[in-house]
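What follows is the residue order along each chain.
There are 2 protein chains.
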Amino acid sequence: MSHAGLTRALKAWSTDPAELARVSVDRSGTVPDGLPDLVVFARDVDDVRRTVSYAAARGVPVVPRGAGSGVAGGAVAGAGAIVLDLSGLDRIAEIRPDDAIAVVEPGVVTADLDAAAAAHGLRYAPDPASAAFSTIGGNIATNAGGLRCVKYGVTRDAVLAVDAVLGDGTLVRTGRRTVKGVTGYDLTGLLVGSEGTLGVIVGATLRLSPLPAATATAGAFFATAEDAVAAVTALQRRGLRPSTAELLDRATLVAIDQAQGGDLHTRGQVFLLLQTDGHGAEAELAEAERVLRPLATSVETTTDPVVADRLVATRRAALPAVERHGRVLIEDIAVPRSQIAGTVAAVERIAASTGVRIFVFAHVGDGNLHPIVLAGSAPPEQVDLAVAAVFEHALSVGGTLTGEHGVGTLKRPWLAAELGDPVLDLHRRIKAVFDPAGILNPGKAI
Amino acid sequence: MSHAGLTRALKAWSTDPAELARVSVDRSGTVPDGLPDLVVFARDVDDVRRTVSYAAARGVPVVPRGAGSGVAGGAVAGAGAIVLDLSGLDRIAEIRPDDAIAVVEPGVVTADLDAAAAAHGLRYAPDPASAAFSTIGGNIATNAGGLRCVKYGVTRDAVLAVDAVLGDGTLVRTGRRTVKGVTGYDLTGLLVGSEGTLGVIVGATLRLSPLPAATATAGAFFATAEDAVAAVTALQRRGLRPSTAELLDRATLVAIDQAQGGDLHTRGQVFLLLQTDGHGAEAELAEAERVLRPLATSVETTTDPVVADRLVATRRAALPAVERHGRVLIEDIAVPRSQIAGTVAAVERIAASTGVRIFVFAHVGDGNLHPIVLAGSAPPEQVDLAVAAVFEHALSVGGTLTGEHGVGTLKRPWLAAELGDPVLDLHRRIKAVFDPAGILNPGKAI
Chain A
1 MSHAGLTRAL KAWSTDPAEL ARVSVDRSGT VPDGLPDLVV FARDVDDVRR
51 TVSYAAARGV PVVPRGAGSG VAGGAVAGAG AIVLDLSGLD RIAEIRPDDA
101 IAVVEPGVVT ADLDAAAAAH GLRYAPDPAS AAFSTIGGNI ATNAGGLRCV
151 KYGVTRDAVL AVDAVLGDGT LVRTGRRTVK GVTGYDLTGL LVGSEGTLGV
201 IVGATLRLSP LPAATATAGA FFATAEDAVA AVTALQRRGL RPSTAELLDR
251 ATLVAIDQAQ GGDLHTRGQV FLLLQTDGHG AEAELAEAER VLRPLATSVE
301 TTTDPVVADR LVATRRAALP AVERHGRVLI EDIAVPRSQI AGTVAAVERI
351 AASTGVRIFV FAHVGDGNLH PIVLAGSAPP EQVDLAVAAV FEHALSVGGT
401 LTGEHGVGTL KRPWLAAELG DPVLDLHRRI KAVFDPAGIL NPGKAI
Chain B
447 MSHAGLTRAL KAWSTDPAEL ARVSVDRSGT VPDGLPDLVV FARDVDDVRR
497 TVSYAAARGV PVVPRGAGSG VAGGAVAGAG AIVLDLSGLD RIAEIRPDDA
547 IAVVEPGVVT ADLDAAAAAH GLRYAPDPAS AAFSTIGGNI ATNAGGLRCV
597 KYGVTRDAVL AVDAVLGDGT LVRTGRRTVK GVTGYDLTGL LVGSEGTLGV
647 IVGATLRLSP LPAATATAGA FFATAEDAVA AVTALQRRGL RPSTAELLDR
697 ATLVAIDQAQ GGDLHTRGQV FLLLQTDGHG AEAELAEAER VLRPLATSVE
747 TTTDPVVADR LVATRRAALP AVERHGRVLI EDIAVPRSQI AGTVAAVERI
797 AASTGVRIFV FAHVGDGNLH PIVLAGSAPP EQVDLAVAAV FEHALSVGGT
847 LTGEHGVGTL KRPWLAAELG DPVLDLHRRI KAVFDPAGIL NPGKAI
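One line per chain: the protein sequences are A and B, in this order.
If you count the first sequence from 1, position 226 lands on 226 in our numbering, and the numbers rise without skipping.
If you count the second sequence from 1, position 160 lands on 606 in our numbering, and the numbers rise without skipping.
Wrong hints could be hidden among the right ones.
What the hints assert, rightly or not - With a Cα cut of at most 16 angstroms, we get these calculated EDC-like pairs of lysine to aspartate or glutamate: (1) LYS151/A / ASP127/A; (2) LYS151/A / ASP603/B; (3) LYS597/B / ASP127/A; (4) LYS11/A / ASP46/A; (5) LYS597/B / ASP573/B; (6) LYS457/B / ASP492/B.
Since the hints were derived computationally from the structure, they do not count as laboratory data.
Predicted model, so just to flag it, every value in this text is computed and none were measured.
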């Protein structure tokens, strides 16, 4: 379909098949059902409003897109869609150090905001693994998490206000510049994590936090996941608040060693990376160490940034090391804290019984596990079976399908199992309020 | 109107005028336009569903009610309404220490939950001043704040899941038992703070946190509010995270001295109560003291619980001391951090120019100010003028009408000024999704 009526009024757009192919996919591996009609490179909010209004009048699907770094299929665009690329709206409009807020456009890369805040002694706390290339708009759309969330909260906790273009082209501003505020419904929270289905995020007011005065780091090995989880639970129960608590399972340690020629997997079955920060970082880590020692096979602590970087690098090496073995499905379940160890064991059983290779990383401090499924390690039906079993386990222990990546297209078949029909029905009716024509990222999230 | 068709099926209810009068008001001073028809004392969720379904079929307003401790008029019930009293649903169903969650009914008194959690070394962090008598359901309805929010977040941050009866009697469960989770829209967040207009909260899963290992306390006096606010801002910018940061202005100090025969008002113009907690509490307070010293006229620090209690008691004495002078309107604006000192000054100017006595307490760490307006201190039209001027000032500096108390009936006239018409229209359409018959707490919040 030609969209000359729209493109006439735009500053930048393309129908070049190579460009369309590039913007039709994200990092989920989901293959779209054909090329979209058009990609609009938004240069200002008017471009967004114009595109959405045009599409609403004609019932054309609009797929908003930041960096395309999503892993759940939320930005995948198929035949007949208009891709609305917001990566060009990348201005940091304001940083107000005294208010500890930033006002940004959606295409700002997360790490760039963090760096800009650092110039004022501040930081943007949410740190998804994709921070170096994902955008604030995409982080908001998925309510992205990250390593520091265990202490500093997820994206939702950092978003004070959003500007959004609704499905009829209306521009609304929700929220405020204050830390607290209860006037009206929490529409900001509703838009965060709505994966582009309720509105297109065109601006945001974000909370910044001070750079920590100090950071202390520990790396520990354990004989079992139970021991590692018991250690984390014990230190949390003592009121210690790690800023990072990451677990890698044995399969992941083996993969890292294969990639780097190291001996991690000989030192324990499970690796735990722990960090504390703030004025009491060192004292807090010393207290944490007292909790870890009796449960761990080895513990290394440091305040030396070089040693700390080496320990953190182990965690960072995990996904690339696994990806060397082929295409991966990055799952993202979260479970109550008491169910973490049992869930790691369940994933191992599922891997063994289906013959599918699965690696587990976990933001263990908040019960968010990433079972990384090696797609080519078994026949597709076995892989499907394994993924289904992982989801089923998570739901059976009171967990959720997705802790921080979003539902996208990949997890939609499981949505009703988690939410139940009455709640899913509420979702559809809320969607109709924000997007009466049903054009905003249809077929995603809900 | 007789509601025999409903009461036949109920376990407990009353049409006694004295009972109806009692349940028709809250602590806002708002006078209802007559007695409600009926009060239903819910004994289980079925009573709630039955009442709401009955009312929906007949277009009868339902006013949900906990302890009636609201200060914005959210629980005021007028002629023709059914009051749905949830205070009898007061069971703590579960406390799971390893998961750090509690599952409760809405009528549980906030302090009772906190006490029950303490038996497991945990606490319920949100601590509204009303905690000794307000209920969790009411706290959720208003997204209540409190003194500890500056470090531990507001009610919304502690609510993982809610059970709610929607306006057609449907029971839904939103959220989950996990700390993180992004499946579907954030309906939990939407219900929190909706002041009974979207659903009746009949259950909640709440996040608990460890009791702090230690607490350290400082009381400081300053020559000006500017100095006190500058001190708090400076320590926050250094990454110090006070668990309490409360400011009392000179008028309040005078009122406390009048009540208690003390000399607080001779020691400075402004009092700041500061607490730090956790493993590094003492070190953190020492660091804070270094920031306070050059700006304060005096600083007293302590880790002695008795001395700390005396300092905290000063803050606690504020409202009772002011209330000795007559009926008060408790305002609740919040402003960006850089605007706090200017707002205290603006309130003083407004008091002087209108002849209305206004006292200011502030949760200064998060910019939430309570200008306490002495209703009888000037003619009603002057009081209205003063309140209007306070709201106008808050909005003009990027602030909000209400930081933690809710809109209720009292702040509704100002709603459009803060939210704008397109956003207010969204509110009405969302309300229609949850409550098609428009019977849930009509005339409140939105």
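Hints, one by one, checked against the model:
no., hint, in the structure
1, LYS151/A / ASP127/A, "12 angstroms, holds"
2, LYS151/A / ASP603/B, "13 angstroms, holds"
3, LYS597/B / ASP127/A, "20 angstroms, violated"
4, LYS11/A / ASP46/A, "10 angstroms, holds"
5, LYS597/B / ASP573/B, "12 angstroms, holds"
6, LYS457/B / ASP492/B, "10 angstroms, holds"
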